[in-house]
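**Q** Generate the whole structure from the sequences, applying the supplied hints.
Number of protein chains: 2
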Amino acid sequence: MSVDRDELVAFYTQLQTDLCTRFAALDGTASFGTERWERSGGGGGTTRVLQGDGRLEKAAINVSTVWGPVPSKLSERLASRASEFFATGISMIFHPLNPHAPTMHANLRYFETDTGESWFGGGTDLTPYYLYEDDATLFHTALSDVCERHGIADYPGWKQRCDEYFFLPHRGEARGVGGIFYDHLTEDMDAVDTFQRELGSAIADVYTEIVDRRADTPYGPDQERWHLQRRGRYAEFNLAIDQGTKFGLETGARTESVLASLPPRVRWDHSATPESGTPEADLVKVLQRPREWT
Amino acid sequence: MSVDRDELVAFYTQLQTDLCTRFAALDGTASFGTERWERSGGGGGTTRVLQGDGRLEKAAINVSTVWGPVPSKLSERLASRASEFFATGISMIFHPLNPHAPTMHANLRYFETDTGESWFGGGTDLTPYYLYEDDATLFHTALSDVCERHGIADYPGWKQRCDEYFFLPHRGEARGVGGIFYDHLTEDMDAVDTFQRELGSAIADVYTEIVDRRADTPYGPDQERWHLQRRGRYAEFNLAIDQGTKFGLETGARTESVLASLPPRVRWDHSATPESGTPEADLVKVLQRPREWT
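Protein chains in written order, with this note's numbering: chain A, 1 to 294; chain B, 1001 to 1294.
These aren't lab readings, by the way, just hints derived from the structure by calculation.
Just so you know, even glycine gets a beta-carbon here, dropped at the ideal spot from N, CA and C.
No false leads were slipped in.
Using 27 Å as the maximum straight-line C-alpha spacing, the simulated DSSO-like pairs for lysine-lysine come out as follows:
| no. | chain 1 | residue 1 | chain 2 | residue 2 |
| --- | --- | --- | --- | --- |
| 1 | B | 1246 | A | 73 |
| 2 | A | 285 | B | 1246 |
| 3 | A | 246 | B | 1073 |
| 4 | B | 1246 | A | 246 |
| 5 | A | 73 | A | 246 |
| 6 | A | 246 | B | 1285 |
| 7 | B | 1073 | B | 1246 |
| 8 | A | 73 | B | 1073 |
Per label pair, the in silico range of CB-to-CB distance:
| no. | chain 1 | residue 1 | chain 2 | residue 2 | range |
| --- | --- | --- | --- | --- | --- |
| 9 | B | 1246 | A | 25 | 38 to 44 Å |
| 10 | A | 277 | B | 1041 | 29 to 35 Å |
| 11 | A | 198 | B | 1216 | 56 to 62 Å |
**A** In structure tokens, the structure reads:
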């Protein structure tokens, strides 16, 4: 069973437009550029990036809808010997300027083949640079609430998958305080579609509230340095570990769109370990042992 | 046939000490710290890092000597079913503060197993942020001169391997203007050992000269921004592509030592493409089509 592709693409496109309006307002100074690109194998996308010195130092909200012959790297991952595929999705990332406001990432996606394989996947996670337990709880409660309203969703299982996925083995640390991660949802497609639509707006609501809380918190050069160091971990995850980034770069997706997720400024200071008892060390402690937040 | 391990380790250790003295003098303000670490499976290393605001913003000169049971990730890459291995080597990276001075990386290494496999490997490459053809020619001429003095060396072949290895497929760009790259040198070990010793000091001489030429060139915020953007490409290579980094992180080497190669400050500005006819665009043109420099 599959979904109405056109309707789904229309939804992702509308969500992109709505989110760009909302997050440009949240930013307060800059606006989202618009780049349309075509994929040589079929399809293309619209990359929308905001960069500046407002509340968001960099944000990207991208929609892509691609199709055509199955690339060999993709073929390895399929159960059936499909010759044609179709994929559409929206992905978003927000890197606030203020170290007290967390980074948020989310994506919603749908995939199908001409052999009848089809599934939804997606997820979202929050990466604070200073730990505000209230924010982590608010974020997870919003996700858990959406999941509870939909029989196809499994908050506890998806929360655990998120903790497992967004993990840097070489650092022994989670990327952040997690969220939810789901993939290969093949049953009851209409219900998943409805769930995804609700998730899309719930994420925007809860993240807007968190940024509103934190974006005007005073900070100094020490906090800024810590922020950029931790963004280094974010870049390590995206470049060395994330399967989506790897897959995008290997299958010839548009590089600037795939790497729009990277933080705008990053530091790698050698052996920069925070002193114990500091807020910086408190964050690391939580990243080393994922918690329940609801 | 294998080499005298103790003598080789003594050479790498002495080279590390000499280079730290020379490059601290070149830097002019900071000095190299010393961190000794132990590997749980056997062996360990000494990581020496300089960070500051002298001529070198960050430099790392690391020696490691490790041994023990062959890790499974390593086992896949061996021709024989070895149960024990021994590896020693020196690696170095220099990230100057001034955008006109290039980054230089080099490593010299030796590997053996209890089944009698043994080889030398190594290489060096130069990554300018602004192209000075004289510097690229000087660097390559120094390498070609050392190679010509040793029958076991093959400058043209190793230059080509370097161009192939230090390449970012997703950017369609080389990391820099190349150098030499060699691996699995299994014959005539004494001659290779002698060659490596000469290469070690030739690299230090030529790179010192290049930094001396460029480190006091005036520059402004636009050049600094370009520098940090290009360092982003360096981080992309090391984290997403470099086999040595991947192997180090996967086999449980000390993370801070493996990632000491990362640039101290980096920017990822979205779609930052230089205007044609500028010095920035001229550099990119050369990275897209490797040249002969001797």
